[in-house]
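Fit chains B, C and D to the known structure of chain A by using the hints.
Chains as they are written, first to last, in the working numbering: chain A, 1 to 301; chain B, 1 to 154; chain C, 1 to 652; chain D, 1 to 319.
In short, the hints are calculated from the structure, not lab data.
Every residue, glycine too, gets a C-beta built ideally from N, C-alpha and C.
There is no bait here: all hints are sound.
Which residues of chain B face chain C? A few of them, derived with a C-beta cut under 10 Å, are:
hint	residue
1	7
2	28
3	42
4	53
5	58
6	59
7	74
8	78
9	111
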Amino acid sequence: MNTSLNYAYYPGCSSTGTSIEYDMSSRAVCAALDIKLTDVPDWNCCGSTPAHTVDHSLSSALSARNLDQVSSMGLDSCITPCPSCLANLKTASHRMEDKAFRDKVNNLLEKPANTNISTKSVLQILVEDYGIENIRKRVVKPLNGLVVGAYYGCILNRPPHLMQFDDREHPMAMDNIMEALGATVVPFPLKVECCGASFGIPRKDVVMRLSGKLLDTAEAIGAQALVTACPLCQMNLDMRQNQINHANGSHHNMPIFYFTQLLGLALGLTEKELGMNKLCVSPRTLLDAMANGENLKEKAA
Amino acid sequence: MPVLEGKELRIVGFLCNWCSYGGADTAGVGRFKQPTDLRIIKVPCSGRIDPLFVVKALMNGADGVLVSGCHPRDCHYAEGNFYARRRLEIMHKFLPILGYEPGRFEYTWVSASEGQRWQQVVTSFTEQIHKLGPAPKILGPEASDTLGLMQAAL
Amino acid sequence: MKIGVFVCHCGSNIEATVDTAAVAAAAREFPGVVFATDTMYTCSEPGQDEIVEAIKEHNLGGVVVASCTPRMHEQTFRRTVERAGLNKYLFEMANIREHVSWIGKDREANTNKSVDLVRMATEKLMRNRALHPKKFTINKRVLVIGGGVAGIQAALDCADGGLEVVLVEKTTTIGGKMAKLDKTFPTVDCSSCILGPRMVDVAQHPNITLYAYAEIEEINGYVGNFEIKVKKKATYVDWKNCTGCGICMDKCPSKKARDTFNEEIGFTKAINIPFPQAIPKKAKIDPEFCTMLKKGKCGVCAKVCPSGCIDYEMKDEFVTEKVGAIVTATGFDLFDWTVYGEYGGGRYPDVITSLQYERMLSASGPTGGHIKRPSDGKEPKNVVFIQCVGSRDKSVGRPYCTGFCCMYTAKQAILTKDHLPLSQSYVFYMDIRATGKLYDEFTRRAMEEYDTNYIRGRVSMIYPKGDKLLVRGADTLMGTQVEVDADLVVLAVGAEASAGASGLAEKLRISYDSYGFYMEGHPKLKPVETNTAGVYLAGACQGPKDIPSSVAQGSAAASKVLGLFSKDQLESDPQVSMVDIKRCIGCGKCIQTCPFGAIKEIDFRGMAKADVIETICQGCGICTSTCPQGAIQLQHATDNQILSEVNALCQF
Amino acid sequence: MKFQKELKDSIRKALPELDVVIGWCGSFDPLHATPHFIRREEDIEKLEIGPLSVHNLATYLPGLRGKKVGIVVKGCDSRSVIELLQEKLIARDDITIFGFPCTGVVDQAKIKKALGYVGNVESCDMSDKSVVIVAAGKAHSLELSDVLADKCHSCRYPDAIISDIFVGDKSGEAVPAPADYEALATFENLSLPDRFGFWLKELDRCIRCYACRSACPLCVCRDHCAAESREPHWLSQENNVRDKLMFQVIHAYHLAGRCTECGECQRACPVDIPVLMLKQKMNKEIRDIFKYEAGVDPEETPPLLSFKMEEENITEKDW
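Here chain A stands alone, though its shape is the one from the complex (with noise of 0.2 Å):
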């Protein structure tokens, strides 16, 4: 299919490290899917954890200077696999609406910022502008059943009115890219609560608590996998996942993928290509199942 679908990509600090298999699978998705991403030309920080929570100026400063890159690239959207840096790009745009705000930010620049830019996630392009129908069309080996819960966490789409997309209390764009792609979903009943990211450090209890509730239920709604679209969720529920269950008395190996790692694999990319070896827990097992064309489905049941 030739799309004429141009986007300008903001990767976001986690994408040169923890979630370096985020930006990898979604790179690789989108060319496989004739997407075209240009990089937005020396990014920094998007003013998130801790600017954000501090000094409003500087934080929304920081993406300022990013939306003031794509503009000069002279593209208008742009698009980004973080909720995160989303979240602040879009913070910045919004508040930079307001004339004294604008001012307070410009002069912390160089050069005032054009910061009309429409920002989206990779998630939302992909449901919105290439279309889950298009996907379905694209999908070379199917997920074979595979139980899998879709795992979006609280900022993915809100605070509504800012994000402007899916519904805000039961977002379906992930349900409906794994349906698609010949997943089993499961609804999960956890899937816009927190995961404790903002307490990483100082309260890791809570991330016990929060982040182990979420891998209880999806365990018990019988999944044999989480999606997520957000570094820090991800992180929490697989990097931390040992942690969890040494703080919870509880037994999860549960692997924890990018929606964009499953979607490449469907479109036949490689394990490779999309980073499946970063995972901290394994997903070996399903991914052997997947490949010797088992039904997952009947092997969950």
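Relative to chain A, chains B, C and D alone:
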């Protein structure tokens, strides 16, 4: 005379009895603070308002004229505000040829329950008129009475 | 004209921010004013007496009172000047309270503005003429719209008072929301036991004509002489012969029709009688589900009907009724709670509305009075009630309090324990509003005797956990989060204006607030009147109301109608248009634009002229602003009267 | 003109059934025409039509209500007839309309301006393109197009839109282009204070003769005009510019959606006040908002005497 020099401008309101006059009452009952410039003339229906009253007020020295009736479809007399809307709109568009800024005259709809909306309308209309400043005035029987002063002002 | 001006202090309401003495002093300088004074309470008896005395002493020809809005006391003062022998239209009011003293504190500006308003009033007054009403005969029949408990009460009271009543009900049975209830608070007596006999009374009353499954198509005319076009919707059953035996319903093979009476807990048949006590007890076919009407095949009901009254060809029918007054009792609808995503947005079968729960509790309901979870039919153990769903919530556009949910939730918690003694009820509430007789005692009983766990806080999320629903919320008194494993969640959904309320308001020419509830004539003093003469309100159409208040309003509206009809003739408002026959050129533009058909063309010495039918003219004045030469003038709002006000304000 | 004879023949044929036929004939000098009321056969020969037939004869129709009237109309005049019919101010059955292809009429003010005072006019020849006026023994030549009325330059309806008898060949089926309001647009380039000053200056000359009103075919109130009434008392009778201007606004507003821009008001003005412009402004707004043009369809309703629940082209102020 009618206005407090330097503080108020002369703003005339024509309000229908059923909705907007009641809305202004509701605003009063709610103690919603409003600028003091506006003086209200009560008429039974916005359909009763001959747009020529608006012109008459302006030519007699009003700085702004505000008309308010029931929302379309809610007219107590079923159709009055529909006629009013056409006639007032035409006059609104006509006034600039005489030399009056279009913003000197506005018409709107406020229901009897909309005290807050009334406050909002009065406040922003009064601000609008203050922004425009005093309207051009006809200062005497001969054109020269006015034009002389206009020249002097320029 | 010698004019007297009275500037009211209204206690401190006006005096605090307006120098009334200065206003009176300024008024004394106006042309025509021979007497001006400020008074403490002009509307009080001594205040009114002062006006009467001044009229006599100074031989006044007209009076201006500067006080509150004319909507408050114009009638009062008109009667006062009439008492002193003046025509009541030789009176004007300047509104210096609602439009001046209450909206700003700048005493200088307020005083100055008040002087202006008094000047306008005196200038207009000088152009007022004595007006005399005409008498016209009235039709002493009353239309009641809506057959809920308020409408039933109004209809019965009017009928008992000897009036002929036409009762129009949208659904196939009267009874309204109350008929769906199991029990009523705070007495916990059976709803249908108290409402049922009143419904039968309606059916049997010789003075009441009932049109069920009918709607108001058109309303014309005015107080005393309305003409109503009623649409009798097609039922496909000849009600004259239907005995309500129910055989058709038994045999109907189409079993998936929407059961609106039971709030769609389960289904009903395509031909059905909503419930056994329905009045009228007649069957109706739901064309959406009837195979015969949809596909032309079936016809079972026609075969089994013993009185042969099935008519698949039936069409809507229109009847015209003439009445002199209208009572509107169209009730309320329930807020669509599915906008609350945090409550599942409608995805969880075991999250239900309070009215659905009520049907479940009712012995004549779809579960025979057994509390069963819709998902699996099991008896619940933990039942969670959530209050203020669509009440007191700006985010969903419903900032008002529905007012009766606290009470019915307490009742439902009590009934839950009665039905299932081992159950535990939880109520998430914001505040408890129990301000009726025996109401607070009742909610305390729910807590203390029935062991209902009241948790003050909102619910943030409901999600399924196994076969239960986990309800998570805040307990704001404890400052903690609470989670309850619920088997069933009941949402106390708020009331909103009934669908179609605004459409009916447009036909009735009455106003409604931004939520669609009808506006009463005065929030305190005219609770059942509207600003349209001859149209009255009863029950929840004016705002959410519980049963006792609705019944009280039904009776109040009836008493207003009986009062109106106590005279054989009504006086028409003389504030109507009048044609100056010399000036009229017979162009007919006024006839063309009059919304009421109140102007006709007459032949005057061979020339066409316009003529106003005074009893039909409603006094809008569209004709006056249409007539280019000003030959037709609305009395009391003539061009000259309005121009005099403009000129008083804008003196070059 | 070549169809003059044909017209006279048709009038001759129709006259027995009619009380009067209104046309034009020569006036006090060869440069002027005057309305001509044909009641008898011998009046017919005096009929003259041409560039001097400036008067809109429809003005006489409401006053002759009840009589059988024949009327000769230019294209622009016919629109006034339609408007009167639309407002039921005259009865269709009572009037017989004679149409002809008009090629434009002169604006006497332009001739006066071009020639100045030339003494007694002895003859006037208006051939297709030029005007030759002999006065006091001296010939003066003008281009016809230079002295045609403004409205003729932008004429969109040269042929009567409505007629019972049409003589001559129609100028064509051309679909009329939308009116352009060039002069109005130029005026609207002025600043607001300049416009205000303009009207005061112009109206200062007004002598309140009300010729504008008397010439207007749609000023049907006649003796009952709001301008001179006390009930209602819109205007004082004092000599002040405020009331003079107010009258013009009243006139324009009362004509809103009715005026066909025949220009009689301005032609009749003895002190040359450009009063037509106010009516054109009303018409332009009426056209923009209601997509309506007066005097085209006798079955239409003037827009200010009707309404729509939803007005597509009215955007109300957002507060």
